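Peer 1: Below, each chain spelled out in residue letters.
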Amino acid sequence: MEPAPLNISAYVVLSAILFAMGALGVLIRRNAILVFMSVELMLNAANLALIAFARFYNQMDGQILVFFVMTVAAAEVAVGLALIVVIFRTRRSINIDELSRLKD
Amino acid sequence: MGLETFLFIIVGAVAVAAAAGMLFSKSGIHSALFLVLNLACVAVFYLMLSAPFMAMVQITVYAGAIMVLFLFVIMLLGSERIDLGLTDRRLGFQTPAAFALAVLFIVVVAAAVLTGQIPAPQPVNDVQATTHGGPGEVGAVLYTRYLLPFEMVAVLLLAATIGAVVLARDVIPTKRSQRAQMGRIRELRQMITTIETEAASAPGADGEGAEEEAAAPAPAAPAGE
Amino acid sequence: MEVFDLVPLIVFIPIAGLLLNAWIGRYLSEKGIAWIACGAAGLSFLVAVALGLGLAGGSEGKIVPIVDWIKLPAVGVDIPWAMRVDTLSVTMMLAVAGVGTLIHIYAVGYMHGDARFGRFFIYMNLFLASMLLLVTGNNFLVLFVGWELVGLCSFLLIGFWLHRDAPDPETGIIGGIKNTNAAKKAFIVNRVGDFGFILAILLIWWTFGTLDFGPIQGAAHAAGHEEVAAGEVHEAAPESAPGGEAVAPVTPEGVCQPTGEGVFPMAEAFMAAGCNVKLGSAEVPIGTLIVVVTLLMLVGVTGKSAQIPLFVWLPDAMAGPTPVSALIHAATMVTAGVYLVTRNNVLYEAARGVNILPFGLSPPDIVALVGAITAFMAGTIAVAQWDIKRVLAYSTISQLGFMVAAVGLGGYVAGMFHLVTHAFFKALLFLAAGSVIHGVEHGAHHAHEHGTHEARTFGYREGVLDPQDMRNMGGLRRRMPVTFWVYVIGALALAGIFPFAGFWSKDEILLDAFLRGSEYGDPTGWLVLILLIGAAAFTAFYMGRQVFMIFFGAPRTQAAGHASENPPIMTYPLIVLAALSTLGGLLNVPGLHPFGTWLEQSVPHAHTADFNVLLALVALAIAGVAVALAVVIYYMRPALTSDGLDRLQRPLGPLWTFLHRKWLWDEAYHNAVIRPFNALGGLLAHLDVRYLRDGLDQGLYGGFNRIAAFLGGDFDLGIIDRVVNGVGRVTQQLAGQARHLQTGYVRNYALSVMLGVLAVLLILLLPLLFGQ
Amino acid sequence: MELPTLQDLNLAVTLPSMGLALWACVVLAVGLFLPERRRHWNLVLSLGGIVALFLYNLTLFDLPADRQSAFLGMYRADNFTAFVNLIALVTAFFGVLMAYEYLKRTHIDRGEYYPLLLISTSGAMLMGASGDLAVLFVALELLSIPLYIMSGLRRPNAASEESALKYFLLGAFSSAFLVYGVALVYGAAGSTDLSEIFHRVNAGLILDQGLLLAGAGLMLVGLGFKVAAVPFHMWTPDVYQGAPTAVTGYMSVGAKLGGFAGLLRVFIVALPAVSGAGDATGWQDTIALIAALTMILGNVVAIAQRDVKRMLGYSSIAHAGYILMGAAAAGSPDVRDFAVSASLFYLLAYAFTNLGAFAVTVAIEKDDATNPQLDDFNGLSKTRPVLALAMALFMLSLTGIPPTAGVVGKFFLFQAAVNAGMVWLALIGVITSVVSAFYYLRIVVNMYLREGPGEAQAQRSFLGVAVGLAAVGTFVLGVAPVLFLDLAQRAVLVALGG
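Residue numbers (our numbering), protein chains in the order written: chain U, 65 to 168; chain A, 1278 to 1502; chain E, 603 to 1374; chain Z, 7 to 504.
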């Protein structure tokens, strides 16, 4: 490995950028699947931060957390995609802006 | 500039570009592929951060399995052309506000990180380099210290499976709902026969057609809205 | 076992009664229900009598623990439910249970045939239990529970006749004020008062660390104090002085330190030490704190006891059945405020010496002034009312003002004395008024059956007959003799005519005001005295007017002409109450002052002044003149002019309107609350809010237009009603605007989350980033 | 490599939550083979499990110190956990009881409902028991994912589906913030173990204060979403309105319980040092501000609602504000114990009261998939006096009028806020609870003072039991809170050395 490893802050800032982009996707995209994919991007960014910190401390804990986040993401995907399919069947659309019947 | 820094800049740029591509491409398929690219870049970072096992998991599970599922659903629904349809005027300010907030978020977190003066990590020695973050070490921690969350995740996956089945399965009419449905059909028939008898001059074929129509949606939508 | 251990029964018997009625009431006849309910009330009265006899034997009372209510030893919270038996609480128990029992019996006749007979008595028993809970409680929280519960019962009973909102289609009888609105108004206005009370309780808790009133005070007070001091309770406290003193109430830094004795002893000790109370990071002198507490309590008092400015609910509360008006809104619940001040006499007297308010006023002075002004104002309003129960309602407000003024002047004995006698004669008057109304309704039905449609058309207003409107009465003396006589007795007692009960108690109040002015040289005393004498004169006058208008002259409607006397179950309680109203003055007969001596056991600051013949004669003379005026105006000629106006209406002109419209309180509320709001709405409505159209849509614009349209409407009728409803409506409008944010769009919601994220991050991080 | 022994794992104390998850598998397996006319076994099995674990859980109070940790410190079996378990099991009990007939009536009688509810409950319990941020995160998902599914159960009802997707998308969004917060806290403190974090923060061994605070803030967002705190509350009314009523009822307490258990666990056990009580900034002021906004918005907007479920949704937002007030007060070291027990007690009181109110709403709801409106309560006191009385009791309790559970709970919370020096917050609490009288009272007025059909669906025994038990609970907690206060005050969180 390199004698002087890159400062960990760089990774964290990159993860913040990716995270914010994911959040941006949730806020601007109208397709439910894409919104969901943006959430995945956010989780992914968080994972990057975790691994970076795990490297900093030379520990396993951060990596294990990433493992759990991935598994949870998989579970979310199963449920989320099922929901999206169901909605599509009923409404023939997955534009979340059309999902606004429930309001005052 | 060391190799790591060089790699970081290159791969980081690709990762950000891929994320941007996911955000702004018009086609759902393209977005999904951009996300796969982004995930792969992050996997490279994992390798650089001495987490080889997680990097593999990232590629196989995340980019491989989960994203394929996404692609599959996009194609299944035929909704790769996306973001069509009406948008309310009231959402007009949404996009600029979202950009502002995202930028602000980056600024705030970066400020928090950068003011802290985090020291550079200790370089890993050779022994660590070969074992750290490998499957053996991950397994050892996962099955001892992290046994409880591991079990919980098992239950969670079970719940998600139940959920996917319950939600995606076609609604199977229970006897009760079938009975209710049959009752409704019988009423319709009754109505139709009365109409038929009243309108004696009309031929019976119309009535039969209506009858079929009434019966057709029965198994699909028992509860109604 | 002492007799005092019976005290839990006084609450549990009515509860048992109501449970029994709720459980098996539907299988019973009216008679069965009545026996259970009245039996429960009567039994609790007997318990009260037993307690009273026990106290009369010279014992100073007892605190009877019931259950550990809220207890958290780890953090030092201990609020038990204990009952306090002392002369003050027993006085209240006797009045509440005694008058309550009579009213229960009367109600059996009054409610006869009502579809919800059983329900009515369940509520009545519930009220009795709650009121007794209130007066027996040994700490502020139990008192507050009772306070809220009586409010709830009042709410339920005001709205009891919800079907009476519309005129009866057959006879055209209407039930008066809209019942549901009246109930809501009472509830909401009372919540405003309760709000003050809650804050007072929190402050007390905070300062003293306990809500218990403290040991039974009185003759044995000093001894008891020492006993506590030497006891084992505070052994471990580090500040214990070697001389066998109790925990010092003050730390060396001059901060008050609770000693765990109870609120009243601690308040005295703290005041003596003049220490500061730590409130968060600030330190507040104990005197200031007590002033704040007593003023907050006064807010509660004005709500419950219908004083300015929260009196507005009581006149409308007359929509409830008459026994309810008698029991809750005249004799018992509304006196809770007077009880509260008396119970807290230690705090009020402590606050008297603190001069931090402008004009050198102290909280008790403010109490006295509020009471006196209320008494005077309500007395004048009552002169110009038509509704028989409304006159009595304003009279009640006025008399409550007398009591509040009395306790504010430090005349706790006089206030409580008037509370008791007022319970007698006001219950009597209300029940007699109910008897009159019942009789007139009966007459209307009678006339309807026998005469064609005359009853419908003969009412004062075309097509409807309001059986409570005095213009529809007249000449009832012959048709309802028992009612007439008891009414006259009640009226004389209320007017303060010798030798009826009201004379004695009112005189003591005037005397207290006089002494406050002459002996202490306190100008408040003189002001109060003048106001109260004026109020007393008006009282005598409007009671005279009422009696002549109802019972004398010729019947002015068919209904009045056909009215008939009510059955004995209604008249007997009246007779008993009449007797009490006549003889009640003996309770504190001058020279002996048995009531004063009795109360001194539990009210440390109680005192009874000696009878002052001159003052009594002056008061009597003024009342006599007022009655004579009433005779001249309403008896010598027909009470109404030929075109149906009051004799005074034309001579007084605008003044009459002023009085009839309740001193323009409605308009005042309109100008002070509604109009500024209206103006603001108009202003905002004219601002160009187009740039917001995308976001908040027509939110502000449409919303304020709507508010303005609503507020700009017609305010002639029931403005205060609208103020109360209007404040609610304005809140509703605000709520309506706020929910425009709820667009239903997931992305908007996510944006809100994101905004929250940044807000949280910035709040947390900004000081860190820029602080260094 | 040492493998942990069974003794280290200390499985017995984790039984209430982990056992419930296991039992869910049993119920699921049995449910798959039940013919339609034996569906009641789902109910029987679920209730049986809940009751058995409830009784077992009672033995888990005051465990000796060496048994208070399980799974190598991942699971904390202190009194806090036991009390949270108690509330969660009560909630699950009512959730099951309330659902049985409702599911049949609305033709969504899926056997899967029960295991999902049980799993979700175990998630809530684990949030309270977590000794590590990893457990907290997984438990949060364990709580949420079944709720997403349950909200969408009423297919193909558009409202139900919409509510499920909204809940899901926003839930996933906010849990991403939670994960990021966990990452930052981990980065700052170098550990995910709560007591380890506590020690490092106290000893000044953290990497960077800014990271820690940012992480804490982001975790607050994730948990605030679960408890429906402003401004993370916007999903609440929509989801409450669209989800099947029985699910809404369960969710209104279950999700909130989990969120608060996690919130208290994290912020009191791990991060008390950055509460900012005193003069520094920290999470105490932030939570206090959120609490104030939550109380105001929830109570004010509830007034404008006609739909009962929406109204109860806003009401639940308001109550989250009250409990957050307790959480904020817990930031001051000297009132921490009192504030935590006050919050727990309020949660218990809220559980009984709100579940009762929802049970009545379920009883009122018509079969035609329209939501119950306020006017549906008109005249209920005539047609169903007992039901109306119970509802009145629940409404009084939610308003905070004696003698009900609500008033005792509110009293403690206000007291806690005042003791922590946040008088302004207590004032807002008092004022908003006066405001809340407007909308709670409206139901009572409709039931007692308005004429109307006021029909409840035909006599439904299980629902009746639920309403009755909830009413008894609400009343008993109001008049004799001693029984539970004792438990609540012992359930004080202490950062254990480790």
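Hints are computed from structural coordinates only; laboratory data are not their basis. None of these values were measured; they are calculated from a predicted model. Heads up, some of the hints might be wrong.
Pairs of lysine-lysine residues, derived as DSS-like cross-links and limited to a Cα-Cα distance of at most 27 Å, are as follows [claimed, not checked]: (1) U:K167 to Z:K388; (2) E:K633 to E:K880; (3) Z:K388 to Z:K372; (4) Z:K372 to Z:K110; (5) Z:K372 to E:K633.
Peer 1: A separate judgement is required for each hint: does it hold in the structure or not?
Peer 2: Quick rundown of the hints versus the structure:
1. U:K167 to Z:K388: 33 Å, violated
2. E:K633 to E:K880: 59 Å, violated
3. Z:K388 to Z:K372: At roughly 18 Å apart (the allowed maximum being 27 Å), Z:K372 and Z:K388 satisfy the hint.
4. Z:K372 to Z:K110: With a Cα-Cα distance of about 13 Å, the restraint between Z:K372 and Z:K110 holds, given a limit of 27 Å.
5. Z:K372 to E:K633: Not OK: Z:K372 and E:K633 at ~40 Å, beyond 27 Å, violated.
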